[in-house]
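**Student:** Sequence:
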Amino acid sequence: MVTCCVPFCRNSARQCSNFIPVPKSKKLRAIWAQVISSHCGVSPVMSAKSHICSEHFGFDQWTRKAHKLKPNAVPRKFKLCISKYCEDVVLFQSKEAKLVGHRTKSALPCCLCFDRLSESGVELNSSDGSSHKPGCLLQQYYNEHDDQKQLKIMEYARDRNVELREQIAAIQAKLISLGAS
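UniProt numbering puts the first residue of the sequence shown at 1, with every later residue one more than the last.
Everything labelled a hint here was simulated from the structure, so no lab data went into it. Just so you know, these numbers come straight off a predicted model, no measurement behind them. Where a beta carbon is used, it is the ideal one built from N, C-alpha and C, also for glycine. It is possible that part of the hints are untrue.
As the list claims (entries may be wrong) - Computed Cβ-Cβ distance ranges for the label pairs, DEER-style:
#: 1; residue 1: Ser25; residue 2: Thr63; range: 14 to 22 Å
#: 2; residue 1: Glu155; residue 2: Ser47; range: 37 to 45 Å
#: 3; residue 1: Met1; residue 2: Arg160; range: 15 to 23 Å
#: 4; residue 1: Lys26; residue 2: Lys152; range: 39 to 47 Å
#: 5; residue 1: Lys27; residue 2: Lys152; range: 37 to 45 Å
#: 6; residue 1: Glu166; residue 2: Met1; range: 34 to 42 Å
#: 7; residue 1: Asn72; residue 2: Ser37; range: 18 to 26 Å
#: 8; residue 1: Gly179; residue 2: His67; range: 17 to 25 Å
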């Protein structure tokens, strides 16, 4: 079964009907790998037979007549963590919510932490006997932050977005120059 080679993307032919083979050119494949690893923080395992699902490409990267990628297209849509602070969030224990359980730190992006926890059926039990789903805890944690902390998180996300767009533009320029030569 065809699956997406982007780290942390679990799309397969069941969830996504359109998969794009990675470029045959080793140079282009290296550029795609560089973009993916800069977004995900992990290098993709990519071979000439690997595929990437269409969810990682923007609408402007497709030709209008035939549903094909433009020659200078690079993957640029990825699930990103809403904050870098999540590395410091203790997922399973919170004094405010009176939760008990295993203490851990996670360097994975939040959406992935919670996807994996939710899939595993983990519920966090509080001392009063009620249980919480992991995704709800992140939302609760985020909502309880003071306004200043939320602004810092939003500023970080905006700055990171600008950095990534600049990297994509530079890589697209490289692709165009490779195509011209």
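**Student:** Indicate whether the distance between the beta carbons of Met1 and Arg160 respects the range 15 to 23 Å.
**Tutor:** The hint (15 to 23 Å, Cβ to Cβ) is violated, given that Met1 and Arg160 are roughly 33 Å apart.
**Student:** Just to be sure I understand the hint, the distance between the Cβ atoms of Lys26 and Lys152 should be within 39 to 47 Å; is that true here?
**Tutor:** Given range 39 to 47 Å: holds, Cβ gap about 41 Å.
**Student:** State, for the Cβ atoms of Gly179 and His67, whether the hinted interval 17 to 25 Å holds or is violated.
**Tutor:** holds (20 Å)
**Student:** If I claimed the Cβ atoms of Lys27 and Lys152 lie 37 to 45 Å apart, would that claim hold in this structure?
**Tutor:** Holds: the Cβ-Cβ distance is about 39 Å, inside 37 to 45 Å.
**Student:** Indicate whether the distance between the beta carbons of Ser25 and Thr63 respects the range 14 to 22 Å.
**Tutor:** With Cβ atoms ~19 Å apart, the hint holds.
**Student:** Just to be sure I understand the hint, the distance between the Cβ atoms of Asn72 and Ser37 should be within 18 to 26 Å; is that true here?
**Tutor:** holds (19 Å)
**Student:** Between the beta carbons of Glu155 and Ser47, is the distance compatible with 37 to 45 Å?
**Tutor:** holds (39 Å)
**Student:** Does the Cβ pair Glu166, Met1 satisfy 34 to 42 Å?
**Tutor:** holds (36 Å)
Violated hints amount to a single one, hint 3; each of the other numbered hints is respected by the structure.
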